[in-house]
Amino acid sequence: MPTPDFILSLREKVGHDLLWVPGVAAVVFNQASEVLLCRRADNGRWTIITGILEPGEEPGPGLLREVEEETGVQAKLEHLIHVGTTDPVTFPNLDRCQFLNLAFSCSYVAGTARVNDDESSDVAWFALDALPELNTRHRMLIDLARTSTGVPVFET
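In the numbering used here, the protein residues as written are 220 to 375.
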């Protein structure tokens, strides 16, 4: 799904100014303990599955919607692993956002991993010992998902 309509409406008023946005992130594992990643169409970087919640949308269902919209994979929430704020992000179109991010560990349920929207140029499962280059935060979230006891980590 492209940029949500409510963000586009805000951008008409504030231009490229920094927006505070509710975000979700999924670390999805399949039965082989591989992690689902997508390559972003806008910057070519590999990432875990992320998205923006719509106004009033609950985080869990919103995250599962994002996973399926972006990858064609249906997933099941396991548990919340991390709550934190990202650094400000400047997108290629110069829009700036900072995310309050809720990250969840998820497990594969059904579907074939594929590019399922225009946000990604590639989608694939990766063995943990063969991950592509990822940003530090996403590597940390994968590690947390692997070792999580079900108690989320809160940034301090």
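For the record, the hints were derived by calculation from the structure and aren't laboratory data. C-beta: ideal position from N, C-alpha, C; glycine also. A hint or two may mislead.
Said to hold, decoys possible - Listed next, with one range per pair, are the computed distances between beta-carbon atoms:
| no. | residue 1 | residue 2 | range |
| --- | --- | --- | --- |
| 1 | F225 | A349 | 24 to 30 Å |
| 2 | G275 | A251 | 32 to 38 Å |
| 3 | S228 | R358 | 17 to 23 Å |
| 4 | V233 | D337 | 23 to 29 Å |
| 5 | A346 | P311 | 17 to 23 Å |
| 6 | S252 | F373 | 23 to 29 Å |
| 7 | D362 | D261 | 38 to 44 Å |
| 8 | R284 | Q250 | 21 to 27 Å |
Hint check:
| no. | hint | in the structure |
| --- | --- | --- |
| 1 | F225 with A349: 24 to 30 Å | violated (38 Å) |
| 2 | G275 with A251: 32 to 38 Å | holds (36 Å) |
| 3 | S228 with R358: 17 to 23 Å | violated (34 Å) |
| 4 | V233 with D337: 23 to 29 Å | holds (24 Å) |
| 5 | A346 with P311: 17 to 23 Å | violated (30 Å) |
| 6 | S252 with F373: 23 to 29 Å | holds (26 Å) |
| 7 | D362 with D261: 38 to 44 Å | violated (26 Å) |
| 8 | R284 with Q250: 21 to 27 Å | holds (23 Å) |
Checked against the numbered hints given earlier, this structure breaks hints 1, 3, 5, 7; the rest are met.
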